[in-house]
Amino acid sequence: MSGSINRRVTRYAEAIAGIGDGATILLGGFGGAGVPLGLVAAIAEAGLRDLTVVSNNGGSGEPDLSIWLAGGQVRKLICSYPKSKASSTSSFTDLYRAGKIELELVPQGTLVERMRCAGAGLGGFYTPVGVGTALAQGKEVRNLGGRDYLLELPLHGDVALLRAHQADRLGNLTYDKTARNFGPVMATAAALVVAEVDAFVALGTLDPEAVVTPGVLVDRVVTVGAPR
Amino acid sequence: MSGSINRRVTRYAEAIAGIGDGATILLGGFGGAGVPLGLVAAIAEAGLRDLTVVSNNGGSGEPDLSIWLAGGQVRKLICSYPKSKASSTSSFTDLYRAGKIELELVPQGTLVERMRCAGAGLGGFYTPVGVGTALAQGKEVRNLGGRDYLLELPLHGDVALLRAHQADRLGNLTYDKTARNFGPVMATAAALVVAEVDAFVALGTLDPEAVVTPGVLVDRVVTVGAPR
Amino acid sequence: MTPLTRDQIARRVARALPDGSFVNLGIGLPDLVPNHIPADREIILHSENGILHLGPRPPAGQEDWNLINAGKQPVTIRPGGSYFDSALSFAIMRGGHLDISVLGAFQVSGDGDLANWSTGAADDIPAVGGAMDLAVGAREIWVMMEHSSRQGQPRIVRRCTYPLTARAVVTRIFTNLAVLVRTEAGLVVEEIIPGLTLAALQQQTDAPLLAGTQAGRGLAPLEG
Amino acid sequence: MTPLTRDQIARRVARALPDGSFVNLGIGLPDLVPNHIPADREIILHSENGILHLGPRPPAGQEDWNLINAGKQPVTIRPGGSYFDSALSFAIMRGGHLDISVLGAFQVSGDGDLANWSTGAADDIPAVGGAMDLAVGAREIWVMMEHSSRQGQPRIVRRCTYPLTARAVVTRIFTNLAVLVRTEAGLVVEEIIPGLTLAALQQQTDAPLLAGTQAGRGLAPLEG
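Residue numbers (this note's numbering), protein chains in the order written: chain U, 1 to 228; chain Z, 1 to 228; chain B, 1 to 224; chain F, 1 to 224.
Keep in mind the hints are simulated off the structure, nothing from the lab.
Wrong hints could be hidden among the right ones.
A few chain U residues facing chain F, derived, Cβ under 7 Å [as the list claims (entries may be wrong)]:
| # | residue |
| --- | --- |
| 1 | Asp50 |
| 2 | Thr52 |
| 3 | Gly121 |
| 4 | Leu170 |
Below 25 Å or equal to it, Euclidean Cα-Cα: the simulated DMTMM-like pairs (lysine to aspartate or glutamate) are [unchecked claim]:
| # | chain 1 | residue 1 | chain 2 | residue 2 |
| --- | --- | --- | --- | --- |
| 5 | U | Lys139 | B | Asp206 |
| 6 | Z | Lys139 | U | Asp148 |
| 7 | U | Lys139 | Z | Asp158 |
| 8 | Z | Lys76 | F | Asp124 |
| 9 | Z | Lys100 | F | Asp124 |
| 10 | B | Lys72 | U | Asp176 |
| 11 | B | Lys72 | U | Asp198 |
| 12 | F | Lys72 | F | Glu146 |
| 13 | Z | Lys139 | Z | Glu104 |
| 14 | B | Lys72 | B | Asp99 |
Even for Gly, the Cβ is constructed at its ideal location relative to N, Cα and C.
Please model the complete structure; the sequences and the hints are all you need to start from.
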């Protein structure tokens, strides 16, 4: 073995290289846990525009998705919970009320399952969630086995930006506590998968039983605090 | 905390109590890895009849599913690979050629995904696997996003019988290497989930990051070598 | 005749949780339940963001912001807890693996319809989070809420006027005035605060009520 | 004019695997590939039963029967390997996350249809395993097989007569006589064993062949 595979990049600029205007970005995290803040900052600095962002939350006023919103970088948000306690003053609220951003509101479990569907090479699935509600509008309702379900379609990203705990050069990832959340599924659902990690470790350090995201799903790894 | 929850049972008879004739049993394992041989023996000894068994393999001549087949306990097998090297002499082959057993042949990835679908409370999913083949017969074909898919429906069990590595009294499970295979998904897809484990450990021993099957999914745990 | 306080409602709910049950507590009023779980009962709490067996908030200064609950507040994990990703977390919720989901609500109908995610106001920022997932799948869906709105409008209604979260899901309602169970026959009042008559309760309730006694069940005093 | 041996076909396939690629090897002929991977190349092998970065069979007596491959044979795991459940394993296969899936076959059509799971014989025990999943999803589907059947029948055909595994999936075929690539225009012969003419190869092939030279590619000698 030559050890020719190396997912590690040393600068944030390298980590986001090739991501263009108009990209669909799957952004990891639930609340403040699992958001790759360094990658978020790099995308803000790169000034990318016209982004479609898939994120469970809509930004909290911290230097998270909020800075893309404030910078006018986001055309459309696909999200389960765009509100935050800072809502009344948040960029999302302003943009939304001004009709300057498109919102696709998706129940959280449907959001993650649509990404899993994409990552698993499936064409769609039927869920009971949302039947008979305003979020069923425009969706196929189908009775299967005596129960009504909505047809939901896969949600692919051009890029996934994730926060993980440890990584090795093959791209294997572990996560830290509830910062795991959307990471493992988003890693399956995007053409380019970039993880920001606490620590880069030597090959063989990670227990094969405890690897959560196998390296086959990961393209680039950057360590928190790497230079721009 | 009183410590009132205890998934552990001390005898195999207790582990399979309440499983009746005609049950649909999800049986873990791929080849010889992950098959709960003690539970298999207990079901054989109990003489249950008319079983529908969901298993990736059809028995190898070892004291696995083969003994249920030989005992005439199985009415129907839902399976991806019923053949084995011992096929020419296996119980399944004899029963199948004699028309004494029903076979539902399912591609392996569809088999596991149908159980996941059941366990996740979904109503069905579209897969590209099997389109245009003999295994698509009788299935709905649907074009979604320019590609053809088959509609596949959830596969529930009355019981799942699994082999795991370690367990605690809440029913949390870890697995050993490739013996993991179908276990984590089968644990989501049955009304009663029973795991046979190498070791029962004190609460707090298992790393919360490394638990593969959370205890909420597990009803009973029996240790390998427990008395009948 | 004293309506229960919010903490007393939480105490009543906590007493109703069976020993050994796996429970998801929604945000809002259900947040108060953990403080009241009897010491001799083992209840395993689940949170949608991927954790089982949550413990209480850690002491100030010991918060770990990678260890939070669905309300984004720091929590702890108890021995025997586990972490998992959002896909498995929602499979646990939607797949019927939790015993009980306890939710706050704006309105509940006599048919068990639930409205708890949107006021429907024009300037409301729509946000559903896991509300619709939580309302579908657990073996029992319990609601805890004030019996009437701040404006004095009944919250237990014939038909929800707020946007629905899910249809025909709620099995039990705990308010500051009563405990109600949904049955085939309709909403049955099982407990009522001492001094309040069923007739007076009905006046504050839009959906028709049956007394526990009518349904062959007792009508017990509600105690917090 | 000497057809390649089975090991030589495996060696040709192994040389074609790009450095750093993630590959699933089917059972049968593809089993031989790992023995021939050049030492300076890092190829990560996946097996459907839930493992990445398989290593070789352990020495006799050191087998761990919980550490097996899709062929149910004992293997080892290399540093940087991982275990996962069948759901994720098949998501990796079906979701397009593997670079290459290398499969044995009974027949391949000029349109890339694959038949490799059943002879269709009446007394055959039907068994599909992961064959249909493996044939769908990887970025490239390669087939390695003898050019003709033991009975001398062409295996590269206009239309498969054996039951199909998947339609229009095969991108490259390695046989004991040639290497073929499926293009928009048809099957292009890229390499042929020295001494065999394209005309002679066509005689042993039911599907029409194009020379690499016709398609603007070179027609190179096939070396094992």
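Checked hints:
{"no.": "1", "hint": "Asp50", "in the structure": "violated, 26 Å"}
{"no.": "2", "hint": "Thr52", "in the structure": "violated, 20 Å"}
{"no.": "3", "hint": "Gly121", "in the structure": "holds, 3 Å"}
{"no.": "4", "hint": "Leu170", "in the structure": "holds, 4 Å"}
{"no.": "5", "hint": "U:Lys139 to B:Asp206", "in the structure": "violated, 32 Å"}
{"no.": "6", "hint": "Z:Lys139 to U:Asp148", "in the structure": "holds, 20 Å"}
{"no.": "7", "hint": "U:Lys139 to Z:Asp158", "in the structure": "violated, 32 Å"}
{"no.": "8", "hint": "Z:Lys76 to F:Asp124", "in the structure": "holds, 18 Å"}
{"no.": "9", "hint": "Z:Lys100 to F:Asp124", "in the structure": "holds, 16 Å"}
{"no.": "10", "hint": "B:Lys72 to U:Asp176", "in the structure": "holds, 15 Å"}
{"no.": "11", "hint": "B:Lys72 to U:Asp198", "in the structure": "holds, 21 Å"}
{"no.": "12", "hint": "F:Lys72 to F:Glu146", "in the structure": "holds, 24 Å"}
{"no.": "13", "hint": "Z:Lys139 to Z:Glu104", "in the structure": "holds, 13 Å"}
{"no.": "14", "hint": "B:Lys72 to B:Asp99", "in the structure": "holds, 23 Å"}
Comparing the model with each numbered hint stated earlier shows that hints 1, 2, 5 and 7 do not hold.
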